[in-house]
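K.L.:
Listed here are the chains, written in short residue letters.
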Amino acid sequence: MEENSVLLKTPLLRQHEKLGAKMSPFGGWLMPIQYSGIIEEHNWTRKNVGLFDICHMGEFALRMDPEKGNLDTLVTISLKRMPLFSCRYGFMLDEKGRVIDDLIIYRIDREHWMIVVNAATTQGDFSYLRSRLEGAGSFEDISASMGKLDLQGPLSAEVLSVLAGPGIRKLKYYTFGYFDLLGERIIISRTGYTGELGYELYMPASKVALLWDRLLEDDRVKPVGLGARDTLRLEMCYSLYGQDINRNTTPVAAGLGNFIDWDKEFTGRQALLEEKNSGSGMRMIYFMAQSRRCPRHNYRIKYAGRDVGAVTSGSFSPSLGCGIGMGYADREIAPGETVALGDGSVSIDAEVTLKPFYKDGSAKSGEAK
Amino acid sequence: MNVPEDLLYTKDHEWARIEGDNAVIGITDFAQDSLGDITFIDLPKQGAELKQSEWCATVESVKAASDVYAPLSGQVVKVNSELAEHPELVNKSAYDKGWFAVIKISDMSQKGKLMSPAQYKEYTEGLSK
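Chains as they are written, first to last, in our numbering: chain E, 1 to 369; chain A, 1 to 129.
These aren't lab readings, by the way, just hints derived from the structure by calculation.
Pair by pair, the computed Cβ-Cβ distance ranges are:
#, chain 1, residue 1, chain 2, residue 2, range
1, A, Lys-104, E, Arg-214, 56 to 64 Å
2, A, Ser-81, E, Gly-165, 51 to 59 Å
3, E, Tyr-178, A, Asn-2, 47 to 55 Å
Straight-line Cα separation of at most 30 Å, DSS-like style, residue types lysine-lysine; simulated pairs:
#, chain 1, residue 1, chain 2, residue 2
4, A, Lys-92, E, Lys-47
5, A, Lys-51, A, Lys-11
6, A, Lys-113, A, Lys-11
7, E, Lys-222, A, Lys-97
8, E, Lys-22, A, Lys-121
9, E, Lys-222, E, Lys-364
10, E, Lys-22, E, Lys-207
11, E, Lys-264, E, Lys-96
12, E, Lys-22, A, Lys-11
13, E, Lys-47, E, Lys-359
14, A, Lys-97, E, Lys-47
15, A, Lys-45, A, Lys-78
16, E, Lys-172, E, Lys-355
17, E, Lys-18, A, Lys-121
18, E, Lys-172, E, Lys-359
19, A, Lys-92, E, Lys-222
20, E, Lys-355, E, Lys-222
21, E, Lys-364, E, Lys-264
22, A, Lys-45, E, Lys-302
23, E, Lys-276, E, Lys-96
24, E, Lys-355, E, Lys-170
25, E, Lys-22, A, Lys-92
26, A, Lys-111, A, Lys-45
27, A, Lys-92, E, Lys-18
28, A, Lys-97, E, Lys-22
All values reported here derive from a predicted model rather than from experimental measurement.
Note that beta-carbon positions come from the ideal geometry of N, C-alpha and C, so glycine has one too.
Make the full structure from the sequences, and use the hints.
P.N.:
This is the structure we're talking about:
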């Protein structure tokens with residue numbers, strides 16, 4: 001167990017303590033795991049609005065002309081094709097196509113970018129990029145001065161437009177804009193990690209507490225911890241870095257090939273193409289238990305009596321009332337087939353399914369299908 | 001934390017309410033609070049012989065699965081079948097509606113190994129620090 005004294009703290013520690021949160025270490029930070037309870041917070045976010053402290057994540061600011069700089073060769077996202085005020089999800093890979101980190105890039109202006117990365121990988125990502133970036137005007141780790149709140153749930157547009165104005169409703173999925181909020185001009189993107197309509201708000205760290213308190217004054221908003229963040233994302237089959245994807249896995253195996261722009265050169269492309277074309281290797285499968293029992297991280301996956309892989313994420317699905325999980329199998333297993341998940345003392349039957357588990361999310365509501 | 005006066009406790013956070021030759025058993029308020037939302041409970045079978053401090057049930061919460069140990073040795077005469085559909089009763093009512101099983105105590109002298117309410121209270125206060 002890490003000592004709390006060496007853990008990093010977000011500007012909201014006092015708020016979490018006042019709300020009676022259970023705090024726990026995550027990615028080197030002391031973070032709220034739950035307030036009223038994971039299931040209640042999960043269900044609240046699916047029906048109303050959940051507010052998440054995401055200040056632990058890392059942000060880099062980059063000035064770079066995409067025609068002259070080489071960031072395009074270091075990530076799977078095609079920068080040149082990104083419209084201004086859009087964001088894209090993708091990966092930074094090593095030569096073998098394994099995931100150094102997953103990230104979201106924001107195009108603020110023709111030559112101005114923000115890169116959002118995971119908490120535990122922030123320092124490593126920054127050194128990796130700094131040593132390889134060429135043709136950049138400036139490159140800065142702005143994580144310490146940047147605060148981040150996620151506001152997620154079907155009513156989040158209504159709640160946020162009270163503070164930020166009706167322009168919020170015009171934001172399309174995976175786009176962002178600058179909004180005036182409590183005297184600050186901040187970036188708000190229509191993105192998130194829950195499958196619901198929602199926003200990520202980037203503001204100076206010094207203003208986070210003020211905004212947090214203001215948002216919670218609205219009865220439709222409740223604080224949600226990392227526990228429910230995990231069950232919400234798992235119901236959508238979103239990968240968690242460090243657990244479902246890491247330095248030993250590729251986006252192809254993880255079923256995330258659609259976030260790769262194959263038409264350009266980037267580190268790891270050759271290895272990924274070979275893996276993709278061979279059709280062999282591990283692949284992510286998703287399974288739903290036939291009971292309330294939950295698959296757990298590292299449980300073995302058995303199919304037709306054979307050990308075929310391991311569970312990377314597993315939990316109880318509050319929306320579906322059964323155990324759900326995902327993990328890598330060494331072969332194709334069709335949806336509808338049964339696998340057994342266990343650790344020797346437990347064996348849980350589960351049905352392989354298509355992703356996502358939860359199909360009624362509001363994330364893309366109002367978008368053309 | 002709620003620690004009722006009429007129960008005996010273990011250091012693993014189980015409780016026992018002795019009623020004549022039988023004991024009703026379950027897990028404490030402290031245990032349910034640290035586990036969080038309970039989603040599934042694997043209870044012992046009726047007729048099973050439990051041994052003090054050995055496995056008697058597995059409790060799954062959203063976060064993890066944990067074993068529960070028998071506070072006393074004895075044969076299971078009744079299990080709380082409500083918990084199959086409503087494991088959250090343990091979160092809501094750890095000492096009443098969230099009971100796990102009734103056992104017929106096989107060795108009454110084992111009571112001596114259990115903690116009194118005052119001892120358990122002191123023990124959990126030490127853990128919370």
